[in-house]
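Novice: These protein sequence lines map, in sequence, to chains A and B. The working numbering applies: residue 0 is where the first sequence begins, and numbers increase by one. The working numbering applies: residue 1297 is where the second sequence begins, and numbers increase by one.
What the hints contain is simulated information worked out from the structure, not anything from laboratory work. Mixed in with the good hints there might be a few duds.
[Stated by the list, open to error] The calculated lysine-lysine pairs, modelled on DSBU-like cross-linking and capped at a C-alpha distance of 30 Å, are:
no.	chain 1	residue 1	chain 2	residue 2
1	B	1315	A	98
2	A	140	B	1396
3	B	1315	A	143
[Claimed, not checked] Chain A stretches covered by chain B per the calculated footprint, using a threshold of three residues with CB under 8 Å from any CB of chain B:
no.	stretch
4	108-122
5	177-186
6	189-201
[To be verified] Pulled a few chain A residues facing chain B out of the computed Cβ check, cut under 10 Å:
no.	residue
7	32
8	72
9	129
10	136
All figures in this text were calculated on a predicted structure; none of them were measured in a lab. The C-beta atom is built at its ideal place from N, Cα and C for all residues, glycine as well.
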Amino acid sequence: MKKRTNKKPKDNIGKLELISKKIRVDALKSIYNAGSGHPGGSLSVVEILVCLYFYKMRYNSRNPRWQLRDRFILSKGHACPALYPVLALAGFFPKKYLKTLRKINSPIQGHPDTRTPGIETPSGSLGNGLGIGLGMALGGKYTKKDFQVYVVLSDGEMEEGSTWEAIMASGVYKLNNLIAILDHNKRQGEDKVKKIMNFMPIAPKITVFNWEVLEVDGHNIGEMLNALDKKTEKPKFIVAHTVKGKGISFMEDVQKWHGSLAPTRDELKIALGELE
Amino acid sequence: MAAPEEISLRDAFGRALVKIAKTRSDFVLFDADVYGGTGTKPFVENYPQRVLQFGTAEQNMMLAAAGFSTTGLIPIVTTFAVWASMRAHEQLRTFICAPKLNIKVCASHVGLDVGPDGLTAQSLEDLATTRAIPNLTVVVPADAVEMGKATEAILNYQGPVYMRTGRSPAPVIFDDKYRFSIGKANIIREGKDVTIVACGLMVARALQAAHQLSKKGVYAEVINASTIKPIDSKTIIKSIKKTRALVTAEDHSIIGGLGGAVSEVVVKEYPVYQQFVGVKDVFGESGEPKELAKKYQIWSSDIVLASLKAMKKKVRYF
């Protein structure tokens, strides 16, 4: 069982950086194997996932439905190639599953699905994860269960009306057991956010809905841990500034790697070389 | 026939919730600023601590129900049918039905029965849109008695349910001995000449039609199909094997609702000509429910005409 850690954030940084590297390797390999996927947004979210699963969250991978577990929703479900290696490493399922990503009869689907141990809800249809997280957080308060709910959002889904419905209600209900993390890589499906629907800056808009907003470098583990540890009276919104395709030189901030596509064999080789 | 007592199905639903809440504490009412409209005001007044308010944000309410149910309680999600079944359709489909969550969506304002509000709130498509979703059970009680029993039954059932309630006063047709169970259609009047399968308000109209037909020497069998999905094919097929003439009647579009559900099983197992009484692929308009029912041909007299047509076809076909 993974309990909430008592260690100080700075004692974890080296270990978490190492894990992040491994997750990038596995994410890229499984996208390559699958023949498609979303490399850009998978690589930008890695540190966020690693900090949650290997530092912050309380869960029992042998009993994924344990009632007091902290809940996690990858609302930007298309980044699941990064989530599955995290879940495997956390012990929810064997690592060999990763080879089956996006294949028929696979326990790990192209977008998150509850058939996979450790997945709380289907996701990837943008704009829905935060509302589900809101419901979980309300349920926690209602049943007086002490768990936290973490929802990772994409830039694209900040354009969905349903996201804002959830932001409004969470602020009104003052759900301090709800933490949203925006993987703010400033790109979406087809182009830069600036070109498609420029909602930036995002922080002031969230603040007025009665959330506590923090801004961090989403690839800086020390900053992420401090933000996750910060106690708030209101729901917490962490704007994690990230880079799409982070860690691979030819993918960083290049639109075509949003997906859905996989690296070629040669590209994979170069990418894995860069991660060594 | 003496005019029967009339009770609105939404009021019956609200009363049922208050009654059931006395003995079980495992459900919570989700409302989107329409507790007056959905008939749940008595519950809101009696159990304010068991109500979660979402404002007029139905997609968010549906999603929050999905998250909330994972903590073990049963959300009863209430709003008008147009919003429950269409505005929040994807949320119902992907986040409630795919993971088979134990959530009850109970929708008022169904069909032309909505009346003067006009077409925006007249849900003529909800049975089609909900019936298409895997794992979702679809229930349409016919009167206040059945509504009470169905409300209890869906709470005892594990899994997602969509239930139509109603709006305007509806004749009470059953007494307390009536038995409701999910998936079971009931023959409520026996006959040999034509089978009328109806749901919701149309059950009372089907009974009136059967009464009128009997004066012409035609004996109609009336089936209350209060579960649209899964449809009780056994009861329906057994009846049409006897009558070989079929009419379906619903306050809903003729596309995709009860008529569709019935014909899907009939063509496979025992094909007969079917007459569809329902709204004929058009939108409604403002008016009193009864006026609308007559104008859009879902009145008891329309069921009589459809039954006679179905019987004529029977002679030619066999």
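Novice: Compare the structure with each hint and give your call.
Specialist: We went through each hint and held it up to the structure:
no., hint, result
1, 1315(B) - 98(A), "53 Å, violated"
2, 140(A) - 1396(B), "23 Å, holds"
3, 1315(B) - 143(A), "26 Å, holds"
4, 108-122, "holds (count 5)"
5, 177-186, "violated (count 0)"
6, 189-201, "violated (count 0)"
7, 32, "25 Å, violated"
8, 72, "8 Å, holds"
9, 129, "8 Å, holds"
10, 136, "7 Å, holds"
The structure shown violates the earlier hints numbered 1, 5, 6 and 7.
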